[in-house]
Amino acid sequence: MKLFGFIIVCLTGGLLLYGTGELPDWGDPHSPASIHLSNDYIEHAMEQTEVPNLVTAVLADYRGYDTMFETAVVFCAGLACFLLLRDFRPKKEYYYRHVPTGVVLHVKNNERQIAPGKEFEDVDKDWVPSDTIIKTVCRILIPFIQIYALYVVAHGDFSPGGGFQGGVIFGSSFILLAISYNLKTLMKRVSEKFLGIFSAAGVLVYVGIGAFSMVLGGHFLDYSQYIPFFGEHHIRALGMLGVEIGVGMAVTAVMAIIYINIVSEGRHDEGL
Amino acid sequence: MTDFLPLIVAKYNYWLYIILMMIGLYAMIVKNNLIKKLVGMNIFQTAIILFYVSIGYKRGATIPIIQGDHSGHGAEAIIKAADYINPLPHVLMLTAIVVSVATFGVAMALCVRIYQRYNTLEEDELRMRLSEKKI
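Same order as they appear, the protein sequences are chains A and B. Each residue of the first sequence is one higher than the one before, counting from 1 in the numbering used here. Each residue of the second sequence is one higher than the one before, counting from 273 in the numbering used here.
Derived by calculation from the structure, the hints in this document are not laboratory data. We treat Cβ as the ideally placed atom computed from N, Cα and C, and that holds for glycine. Among these hints, one or two may not hold up.
As the list claims (entries may be wrong) - What follows is a set of in silico ranges between Cβ atoms, one per label pair, in the way DEER data are often shown:
| # | chain 1 | residue 1 | chain 2 | residue 2 | range |
| --- | --- | --- | --- | --- | --- |
| 1 | B | 318 | A | 189 | 55 to 65 Å |
| 2 | A | 5 | B | 397 | 41 to 51 Å |
| 3 | A | 126 | B | 295 | 28 to 38 Å |
| 4 | A | 192 | B | 287 | 40 to 50 Å |
| 5 | A | 102 | B | 307 | 28 to 38 Å |
| 6 | B | 318 | A | 25 | 19 to 29 Å |
| 7 | A | 101 | B | 386 | 38 to 48 Å |
| 8 | A | 214 | B | 390 | 41 to 51 Å |
| 9 | B | 388 | A | 14 | 24 to 34 Å |
| 10 | A | 141 | B | 388 | 14 to 24 Å |
| 11 | A | 69 | B | 295 | 39 to 49 Å |
| 12 | B | 278 | A | 194 | 26 to 36 Å |
| 13 | A | 146 | B | 278 | 28 to 38 Å |
Stated by the list, open to error - Per the computed footprint, the stretches of chain A lying under chain B, defined by three or more beta-carbons under 8 Å from a beta-carbon of chain B, are:
| # | stretch |
| --- | --- |
| 14 | 103-109 |
| 15 | 175-187 |
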């Protein structure tokens, strides 16, 4: 089987390498990919959309419909993870740590008899004392990561960035919190309900901006319909910013949903 | 051989991506462990993303962000397409990266479910467990 697979891979690779003879050279300005449509975008995007970042202009304006369904795909992935993994059965065993003495109690029945508070804290099965250095560094770092994520979202139309990237950075700050403290700390701050509503709201913001321009009498995602509200100046950039915020919200929440469900196997109590 | 080498040098990017792609394909075909198959799939996707981004490159061009005055009152300077790299592959791959992350997440969730039910991720053991269930 191994040899057979190796032969197939070598044959496919050989055929593909043989085919590279027809492809354009590295960095050739006259390659077929960069002589038709892309030149039109580069030369006219600035006057048509007033957005200097061409990637954002194509992503959120020329191909805005495509990106909308991309966001829907991300939302569906979060939903699929939730439906596959979420486990609502109560936990059978609990571990409590007596804070003053450091003794860990193992409670085996279903009911919670010890209320976690000042004296007892709820700990994971494979609990280890958390490192002060890591905790402190993460506590200082996480707000800056989140502000940077907001900057990346807000400046998507002038510099490299946008909703997808900013959303991923914001979501990774949640994951850092869960790694440096524990999953319960994250779940206390962002509840499951909040994440679900937030991801759906992100898709809704995108679709809503598109649909509302239809209400105003234009085409779907036609940002120029918003001129009566925001004025003519940079109206397309503003529309793209709104759309990017929607994308960022959806991506942030879905990143957190996928992470939380996979590490805790859907029980949302303990994990990596 | 003498005219073969410059051919590779001019197109070395395609050679690298095809080698990466074949590593991913080999892992998907041969490996027994589902997680290893997933890693192979990710390598394959990454190779294709790199391939697309390299298509967008133009020699002597800069990133596709229009430089100069951003006041936005018409285009004062004429923008030449040769000065900026092709934005289209970047847009397509931006969305492809997000989709690959999403599919990877769903695939990981499926693996977790399979492990919870059958206690293994090896394909031959899985097949054995499935045939046991039938009898």
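Outcome of the hint check:
1. 318(B) x 189(A): 55 to 65 Å: Distance hint for residue 318(B), residue 189(A) is violated at roughly 33 Å.
2. 5(A) x 397(B): 41 to 51 Å: The hinted range 41 to 51 Å is violated for residue 5(A) and residue 397(B), with Cβ atoms some 19 Å apart.
3. 126(A) x 295(B): 28 to 38 Å: About 34 Å separates the Cβ atoms of residue 126(A) and residue 295(B), which means 28 to 38 Å holds.
4. 192(A) x 287(B): 40 to 50 Å: Once the Cβ atoms are compared, 47 Å apart, the range 40 to 50 Å for residue 287(B) and residue 192(A) holds.
5. 102(A) x 307(B): 28 to 38 Å: holds, 37 Å
6. 318(B) x 25(A): 19 to 29 Å: holds, 23 Å
7. 101(A) x 386(B): 38 to 48 Å: Holds, since residue 101(A) and residue 386(B) (Cβ atoms, about 42 Å apart) stay within the stated range.
8. 214(A) x 390(B): 41 to 51 Å: 49 Å Cβ-Cβ, so the 41 to 51 Å window holds.
9. 388(B) x 14(A): 24 to 34 Å: About 42 Å separates the Cβ atoms of residue 388(B) and residue 14(A), which means 24 to 34 Å is violated.
10. 141(A) x 388(B): 14 to 24 Å: Given a distance of about 34 Å, which is not inside 14 to 24 Å, the answer is violated.
11. 69(A) x 295(B): 39 to 49 Å: violated, 31 Å
12. 278(B) x 194(A): 26 to 36 Å: Since the Cβ atoms of residue 278(B) and residue 194(A) sit about 59 Å apart, the hinted range of 26 to 36 Å is violated.
13. 146(A) x 278(B): 28 to 38 Å: violated, 50 Å
14. 103-109: Per the Cβ count (0), the hint is violated.
15. 175-187: That given contact is violated, which follows from only 0 residues of the stretch 175-187 of chain A lying within Cβ reach (below 8 Å) of chain B.
Of the numbered hints listed earlier, those contradicted by the structure are 1, 2, 9, 10, 11, 12, 13, 14, 15.
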